[in-house]
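Trainee: Read off the chains here:
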Amino acid sequence: MTAAIELNGITVRYGDVLALDDVHLSVAPGRVCGLLGMNGSGKSTLFKALLGLVPTDHGRIRILGRSSATARRKGLLGYVPQSEQVDWAFPVQVHDVVMMGRYAHMGPRRRPRAADREAVDHALRRTGLTELAGRQIGALSGGQRKRAFVARALAQGPDVLLLDEPFTGVDKRSEKTITELLLQLRLAGHTLLVSTHDLAQVPTLCDEAVLLQNRVIAHGPPEQVLEPDVLLESFGINPDQEETWTR
Amino acid sequence: MDALIALGEWFAVPLRFEFVQRALVVSVVAGVVCAVLSCWMTLVGWSLMGDAVSHAVLPGVVLSYVFGLPFALGALVFGAGSVALIGVVNRTSRVKEDAVIGVVFTAMFALGLVLISRVPSQTDLGHILFGNVLGVSDADILQVLLLAAVVLAVTWYKHRDLTMYAFDPVHAHAIGLNPRLLETLLLGLLSVTVVVALQAVGIILVVAMVIIPGATAYLLTDRFERMLVISTGVAVMAAVVGVLASFHLNASTGGCIVLAQAGAFTLAYLFSPRQGVLFKGRAARTLRTRLVRHPDHTR
Chain A
217 MTAAIELNGI
227 TVRYGDVLAL
237 DDVHLSVAPG
247 RVCGLLGMNG
257 SGKSTLFKAL
267 LGLVPTDHGR
277 IRILGRSSAT
287 ARRKGLLGYV
297 PQSEQVDWAF
307 PVQVHDVVMM
317 GRYAHMGPRR
327 RPRAADREAV
337 DHALRRTGLT
347 ELAGRQIGAL
357 SGGQRKRAFV
367 ARALAQGPDV
377 LLLDEPFTGV
387 DKRSEKTITE
397 LLLQLRLAGH
407 TLLVSTHDLA
417 QVPTLCDEAV
427 LLQNRVIAHG
437 PPEQVLEPDV
447 LLESFGINPD
457 QEETWTR
Chain B
36 MDALIALGEW
46 FAVPLRFEFV
56 QRALVVSVVA
66 GVVCAVLSCW
76 MTLVGWSLMG
86 DAVSHAVLPG
96 VVLSYVFGLP
106 FALGALVFGA
116 GSVALIGVVN
126 RTSRVKEDAV
136 IGVVFTAMFA
146 LGLVLISRVP
156 SQTDLGHILF
166 GNVLGVSDAD
176 ILQVLLLAAV
186 VLAVTWYKHR
196 DLTMYAFDPV
206 HAHAIGLNPR
216 LLETLLLGLL
226 SVTVVVALQA
236 VGIILVVAMV
246 IIPGATAYLL
256 TDRFERMLVI
266 STGVAVMAAV
276 VGVLASFHLN
286 ASTGGCIVLA
296 QAGAFTLAYL
306 FSPRQGVLFK
316 GRAARTLRTR
326 LVRHPDHTR
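Taken in sequence, the protein lines are chains A and B.
Per our numbering: the first sequence = residues 217 to 463.
Per our numbering: the second sequence = residues 36 to 334.
These aren't lab readings, by the way, just hints derived from the structure by calculation.
Since this is a predicted model, take the numbers as computed values, not measurements.
Any given hint might turn out to be false.
Per label pair, the in silico range of CB-to-CB distance [what the hints assert, rightly or not]:
{"hint": "1", "chain 1": "A", "residue 1": "G291", "chain 2": "B", "residue 2": "R129", "range": "33 to 43 Å"}
{"hint": "2", "chain 1": "A", "residue 1": "G275", "chain 2": "B", "residue 2": "G80", "range": "27 to 37 Å"}
{"hint": "3", "chain 1": "B", "residue 1": "S128", "chain 2": "A", "residue 2": "D238", "range": "24 to 34 Å"}
Glycine is no exception: its CB is placed at the ideal position from the N, C-alpha and C atoms.
Let's have the full structure, built from the sequences with the hints guiding it.
Mentor: Have a look at this one:
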């Protein structure tokens with residue numbers, strides 16, 4: 217079976233810094249894979265490599281058997297960014313942000329048709345944002361902001377979805393909503409790669425987990441990867457000390 | 036009553052002169068085009084780029100006069116050429132973008148100064164640098180109207196893509212669109228817009244026209260569509276007030292237009308209901324009250 221996400225010997229350098237070192241990773245379709253690692257472990261770089269945003273020195277990337285560029289053109293790939301990457305003061309409404317998920321489905325003027333409006337309304341309902349659709353995005357709470365970007369991905373409907381820290385700065389209610397949505401997406405056959413430092417989320421959400429420290433340290437079922445021995449061996453840290461697990 | 040009549044006269048008297056009417060047409064049209072583009076410029080953070088493109092067109096304008104071509108042609112070639120040059124040097128060297136912009140536009144501007152001083156032509160440096168809207172020819176007006184129509188048509192057609200590019204280029208990339216192409220489009224529109232505005236206020240002050248209206252509107256609203264409307268309104272009012280004031284005061288027209296825009300910005304900066312510095316304290320108090328009532332909004 218073709219893997220949904222496949223990295224084969226990927227190496228990425230920023231000048232002299234080796235961000236990703238010969239990374240091999242394969243995620244089967246319909247799985248939720250948790251991407252774990254400390255600050256600077258290369259999680260964001262791995263996302264960028266999958267999106268074709270950084271040049272890779274070596275190796276090959278395949279999304280459902282296609283190159284990243286082809287996968288993007290065919291609308292197979294979706295991305296939910298970290299909060300820090302978003303300009304929250306931008307004069308744009310929640311509804312507009314979610315509609316941007318539909319742009320690849322529209323004509324050159326990006327004029328929404330009935331199907332696009334329906335997809336947006338549906339995504340807003342599923343994320344519980346219908347009432348807030350007219351708000352400027354910066355006027356949302358941390359959890360609502362995340363949900364708005366998840367809603368954009370829902371409206372887009374990609375087969376493979378990359379989520380960069382979807383639980384950071386999120387209240388309990390949004391955390392629950394987002395987890396439920398992601399599990400529904402998995403049931404519908406989507407493949408998810410979720411970077412997180414919220415280790416408590418991993419067993420409920422993920423089918424498998426990857427420990428990254430510029431290279432893959434461990435990959436397997438969450439309970440195996442989250443073994444205190446494995447974590448301690450890899451990072452010299454205790455999983456209970458969650459504050460050290462930033463990004 | 037007398038004051039009203041005086042005000043009416045203030046507006047009516049200059050309009051009897053044809054050169055004032057022509058100046059108004061050019062200034063209003065240039066103002067509208069710049070205002071529309073300024074909304075994206077403000078959000079993308081390209082004020083330095085606006086400054087760069089406007090200065091870099093100088094050699095193009097001079098050469099156009101020398102070879103008897105429409106001034107817009109030379110200006111466009113050099114405007115777009117400098118943008119491309121900035122892009123190339125930025126990608127192929129370790130020098131940061133703002134430094135590259137600084138190098139390229141000053142070099143182009145210097146080339147223009149040298150050309151003007153050495154090449155025999157009818158060009159008046161003062162007119163290019165500071166605008167000569169009270170002396171525009173029919174050919175100039177025609178060029179301004181044509182280019183303005185092009186910019187407005189393209190922005191109308193692509194405004195949603197441009198806004199997405201300004202907001203989240205990574206998303207544009209992820210869904211298979213080409214953010215580099217959208218960036219190029221926006222830079223191209225900037226080059227053409229600068230050429231349009233040259234006639235009204237001159238090279239030095241063009242950057243004001245492509246930044247101030249958008250920045251003013253940004254202080255007044257959270258909706259992009261309203262930003263476009265407010266920005267355009269500010270630019271039109273500033274053009275009218277600026278041209279008429281320059282007539283009465285016998286002062287630089289470009290200077291008066293830009294001062295009128297800066298006045299509008301100052302008013303918005305001070306008195307904007309939500310963003311104005313004079314109301315910030317009150318807004319914060321209201322927010323605190325809301326937070327106490329709805330603790331969910333704490334993050």
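Trainee: If you check each hint against the structure, which ones fail?
Mentor: Result: no hint breaks.
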